Every structure is written in structure tokens, then in C-alpha cells.
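With the hints as extra help, turn the sequences into a complete structure.
Protein chains in written order, with the working numbering: chain A, 2 to 274; chain B, 2 to 274; chain C, 2 to 274.
Don't take every hint at face value.
Pairs involving identical chains hold if they fit within one copy or between any two copies, as the list cannot separate such chains.
[Said to hold, decoys possible] Once the Cα atoms are required to be at most 25 Å apart in a straight line, the calculated SDA-like pairs of lysine to any residue come out as:
1) 163 x 123
2) 88 x 102
3) 78 x 102
4) 88 x 99
Hints are computed from structural coordinates only; laboratory data are not their basis. No experiment lies behind these values; they were computed from the predicted model shown.
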Amino acid sequence: MEREIAAAWDRVREAGPLIHHITNYVTVNDVANITLAAGASPIMADCPEEVAEITALSNGLCLNIGTLNERTLGSMKLAAEEAARLKHPLLLDPVGAGASALRSRAAKEIMAAGQVTAIRGNVSEIKSLLAETSHVRGVDAGDDLTDNREAAARWAMAAAAKLGAVVAVTGAVDLVADATHCFAISNGRAEMSRITGTGCQCSTLAAASLAAGSEPLTATAAAVMAMGLAGEIAYEHLQPWEGNATYRNRIIDAIYHLQGQDLATGARYEIYE
Amino acid sequence: MEREIAAAWDRVREAGPLIHHITNYVTVNDVANITLAAGASPIMADCPEEVAEITALSNGLCLNIGTLNERTLGSMKLAAEEAARLKHPLLLDPVGAGASALRSRAAKEIMAAGQVTAIRGNVSEIKSLLAETSHVRGVDAGDDLTDNREAAARWAMAAAAKLGAVVAVTGAVDLVADATHCFAISNGRAEMSRITGTGCQCSTLAAASLAAGSEPLTATAAAVMAMGLAGEIAYEHLQPWEGNATYRNRIIDAIYHLQGQDLATGARYEIYE
Amino acid sequence: MEREIAAAWDRVREAGPLIHHITNYVTVNDVANITLAAGASPIMADCPEEVAEITALSNGLCLNIGTLNERTLGSMKLAAEEAARLKHPLLLDPVGAGASALRSRAAKEIMAAGQVTAIRGNVSEIKSLLAETSHVRGVDAGDDLTDNREAAARWAMAAAAKLGAVVAVTGAVDLVADATHCFAISNGRAEMSRITGTGCQCSTLAAASLAAGSEPLTATAAAVMAMGLAGEIAYEHLQPWEGNATYRNRIIDAIYHLQGQDLATGARYEIYE
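Here is the structure:
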């Protein structure tokens, strides 16, 4: 598996996919720079009049519902339809799903409009999507998924089956699952949660990895491992008086230099079936 | 007073308030990261359909009218109303008030819609608000408030009385006043004005400090002192060939490490009554 | 010529022009900070209700069509009209012209609404503008303009004549031309293309340089040389483990310290007539 993970990561630089983003304006600059750091290219466009064209000339689509509005939600649905038509991979980051009726509805409508390949969120966002799409939830998990890793992995696989997509639930332990397999990944550092947008950045790495053509579960897992490992490498370079602003830059810098071989030796995970 | 200032600052990390921002897209990323650096959490949402919900689940509201438009102005008024209903503190940053009719009107309408706890701006912005809300201004000040610090402090107290809020006027000397007391703060460096968004960042620190529950004047003064002191600490870490981009990161880094004890020893101010 | 270039650059700090930007939200923060680094001041405003007022109180206008929408396109045209009326310089950055019908139309409509002083883009964007404004193109160039520098320079001069503006085509070699003269500039590094927004940043430097009052061709050329030279200086300060995020900051830092004298000694160019 080390080899497949490493190959998935290296494929991003080899393929250099163009990723169309409709994303929030809080973290968009870091998202663009980490896309470039990984060897892919970003294009941001959110006007209904042009989104289908931009999706069509790209290799993958990354939709992020932070700072959503009615105009951009309409654009996301148009882009999702076009991506489905062209069989481009679509990564959905349901930022704040559950925090407002608008965001919960937005995630649901995007999933209905297109064919979501993978979803990356925190546990409460993923649980919100499950509640929206299922009257009898049948699966549940505590907010802390670390207590029983095997139970958490089974929950993630059930979530992936229900949502019809690879599901990446990031937190203290990251779970990346399809209906039959789940990676439980231990890379990363708690300090990453003190930076805005590490989740958004992880999502765009997953979109780039999917667009580079690897199998979806492996592609998404490689991106999540890369983000966590970059957080570890970056932390080693911090001076005692440096904080979250410099750490943010160092993580993108670490992605800029990260190779598949680094993942092969640095990724820490278990696989549940 | 040192003890109250220190306690107000430490309370931000203890309480970890969630701050709803409707803010400009120029400096929003730095605003989010400095909020996290201070130990609070940011949430950005500007769609009319969801702003009241987001305000309701937050602990404080920070409204910033840079890059305003009609849609976001409507959202700001809805959020201000909800914050007033819930008695959440509201910080207004009237960026560019006086520079256009829209911005002057926006500041006025937000003040009418909600209950502003504190306002942070430069002297021309605050003077613009006074002109909008009072036909006979009765108070005035030169653009340079440093010539006569006591007169400037009296002007700031009169402004706070008229505007019905704590007023923070930042510049070479920072004035933070309510109707009866004024802090004249000497922290900070001139080079901070060569970074975009140090004002916006100061505003969100004040919003976080207010939302943590301290008395409004002390809370706002502690935030302004913290921003200035962070500017001093950050400057010491700059290499001769580093400039405003790195300085920006270093200031957020300094906030990440700043403790109440540092304010107790590093803040430089006088109090006028 | 060294002296004119150096003087044009130093004039930005001397004049400290205020530059009104209607620009994309991806790179807007870096654009604001590099404007400040150069000694100018940025103001961002994109609401139709206020843009003419903001243009009127500024010294120059910088329009960038990345992340365009119908609302901001309308604002750009209003601002362009006001700038023409006041004879303020207008810099157009046609980001993605040719990538969608909207962007091609936007660039065309802005050029029709106002009086564009200078246009900065990559070769495909400039070629797209030529196609839009001319049925018989008469001029053409390969995507790689480095093969025959003199032919490329002649193409750029023809483009400038057709578009009625100074044209800056940035790439491996940067061409800055009016109808009769062309600078072919060799500063910069390939790694700059791995940072989002170096083009946008170059555009705002050109807008600032134009607004400072230098002759348009010299003003634009000085800005392009400054951006390239800053990329070279910044690269020297990078540690082996640093990447595009830190490089981005270092480039802005280098602009912060760059003086006309540095351009006089560090700029590398030929002039074609």
C-alpha cells in the first residue's frame, strides 16, 4: 500500500491537473498556493455565467461552502452538473454544514446536482450530511472518534456507503473511507487547528489527487496523509517565538517539497475492512 | 489597572469565544488567523439567509465595512439586530467612513439597527461618524491627536458619549474611551501602517475581548494594547531584509504567544478621567 | 535609460499615490501589501454605488477581472468611465481572458468604457484581447516568445498599437511595449509562477508607477523590472526547505526595500524600436 500511496501523491506533480475552485474568500489564497505547491494549478471562478466553461477546461472541481451565498450556491450546482457530465472528479467541503439551514441545504443540493467523488469535513459536518440524507441514521459516532478506532472506522465506511462517496473525516485521527475500506491516519499535529483553512487546504489536495487520476480512496487518503505529514515537517522548522501565521506558511512550504517517497516512510495509518 | 488589563486579555484564551465576522475580503484571512492566535474562534458568514443563525450561535459580532456592498450591508443590519436581541457584544469597524456616501450611510444604519458596544477606527473615520450623527459637532480634533494628549482624550470621551459606545481611535497614539475615562496608549510602531489590515486585526481582537466578558472599556483597551505590543515584539524578530509581508506574519505570531502578564509589563498608557 | 527607470521607481515612494482596486479575492491581500511595500496606498471598493467616488479620490485605477461577476463588471465599467473623465491612469489585468466568454467580453467592455493606459497579462490573455478587437489579427506570436526576441518585440509593439495602450506581456521574458518601443526584460525566476498572484502584484506595481506620474512606457517597464528583480532578491533569502508560501512573502519584503538605484544596477533588458 505504501507504493500506491506514494504513486498517488507523485501523480499530482506528473499530471499537473487544473482544479476549478468555488470556495470561500477566507482561505482562498492559501488554497491556491497549496494547489500550486502540490504541482497542480488552481482556477477560481464563481460567476454563474462562466462556471460551466471553467469546469469544462479544468480536470477537477473543488466546492467549498464557507462564505456561501445564493449566487455562488447556484454556480456550485451548475459546476457540479457540468463536472458530472464530463465525469470530472468533484470534491465537496461542506464547511459549517449543520451550523445554518442554508449550509445544510447547500450541501444537500450540491450532492443532488452532481456526482460527488469525495467529501472532506470534520465529524460534525459529516454527521450533519448524514442526518440530511437519511431519516433513520443507523450509524452514529461520538464527536471524539478516537476512543474506539475500529468503531469509528466502521462508522466512516457506513457514512461513505450512505453518501455514495469517499468520506474523509479529519480530526485528531483522520478517517478516509469508502464503503468497504477505511484508512485511520495518525499524521498531523493539534496546532494545525489553530490555523484557519487547514481543512480547506486538505480538501484541495484531495481534489488535485483525484483529478490526477488515482483510484478515489487511495487518492483521498494520500492527500490527507500529505497534509498531516506536512504539518509535522513544518512544525520542526518553527522557532519558539513563531506562531500560527508562520506555521501556515511552513505547511505550504512543506507540501512544495513533499515527495511520494516521504509519504511512503512518514505516513502512519491502519486499514480497516 | 495592570491586573484588570492582564485578566481581560487572558480571559480571551480561557473563554475561547466564537466571533461572527462580516468583514472585508482584503484582510479576512489575517483577521481569522489573529482571532485563532488570541485563543478565540472565527466564523465568517455574510449571506442574509443565514447571518442571524450564525450570530445566534456565536458569542460576539465583528462588523467591518471595507469592501461593503448592498447585500452584505443588509446582512450586517440583520446580524446587528440579532446580536442586540441576544445582548451579544458588537464591534463596528467603519473602514473608510467618510470616503463615500455608501460607507457613511452604512455605518449610520448599522448603529441604528443594533447596539454597538465598541467602535474602532482611525481619527477621520470616527470624525465622520460624529458628523453623521450630530449636526452640532461640539467636539473636534486635529487629524494628529498627539499634539495635546489631554485634549485628545477629552475629545475621545465626548465622541464615546455621543456615539453611545466605547470608541477606539488608533493612530500614533491610540485612544480608547468611554464617556468618563480614556486610555491614551503608546504601544505600537509606525511600520504597522505599512501592513494592510492591522486595523481590522485590532478590531477583531477587541471583539474577542468583549465577547470573553470583560467590562467593555477594559476589554477594548486590552485588545488595542495587545495589538501594539505585538507590533513591537514582532519588529524585534525582523531581519534587516524583511519587510511588511513578514512583519504581518510576525505580529500574528506574537499574538499567538502573548499573555496577560506581558501586557501587565509591556503596555504603556495614561488614563484620563 | 537607467536613470529614467530608477527615477520612475523612486517616484512611487515620493508621490505615494492612492490606487483604487477592483480585483479578485484570491490575491487581493498580497496586492494590498505589495502596494504598501512600494510606497503607494491601496483602497479596495467594488460596490456600484460607491466606485465612482472612490475612483475620484484616488490617483489611479487597477482593474483585475479574476473572480469577476456581473456586479463587479458593472462597477469596473463605472470606475473606468470616471477614471477617463478625470484622466487618471487605468491599468487593466485581463486575468483569464479567453478562458471564458464572460472574461473576454469583460475585458472588451472595460476597454470600451474607459481609456486604458496599460494592460498586463500573459501571452494568451493578450492574444485573446487582440482577437476580440480585430478581425484581421495581422500580428501573431507563438506562446513562447523567447525563441526570437526581436520578432516578439515587434509583435508586442503591434499589439500596443492595436490596443491603444502600453502592453506588458509577462513570461520567461517580459515584454513591455508601446507602439514604437519595446523593452525585453530578463529579470525574474521561473519559481515565481508557482506562487499565486505574482501577475496581479506586478499589475498593481504598474498602476502605482503610472499614478506616480512617470511616462507610461517607462513607468510600466520599471514596475515589471522591479517585480522580476524582487523575485531574484527574494530567492536568495530562501532556505532549502522553504517553498512558495515563504517565497511569496519574501518577494513583497524585497519590494519593501527596493530602491531606484537597485533597478539601475539590477535590471536586465534590451530596447527595440
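Structure-based check of all given hints:
1. In the homo-oligomer, the alpha carbons of residue 163 and residue 123 lie at most 25 Å apart inside one protomer (17 Å), although the nearest pairing across protomers, at 46 Å, exceeds that limit.
2. Taking the closest pair of Cα atoms, residue 88 and residue 102 come within 25 Å of each other only across two copies (23 Å); inside a single copy the shortest separation is 29 Å, beyond that limit.
3. For the identical chains of this complex, residue 78 and residue 102 are neighbours both inside a copy (17 Å) and across copies (19 Å), given an alpha-carbon limit of 25 Å.
4. Taking the shortest alpha-carbon separations for residue 88 and residue 99, only the inter-copy value of 24 Å comes in at or below 25 Å, while the best intra-copy value is 29 Å.
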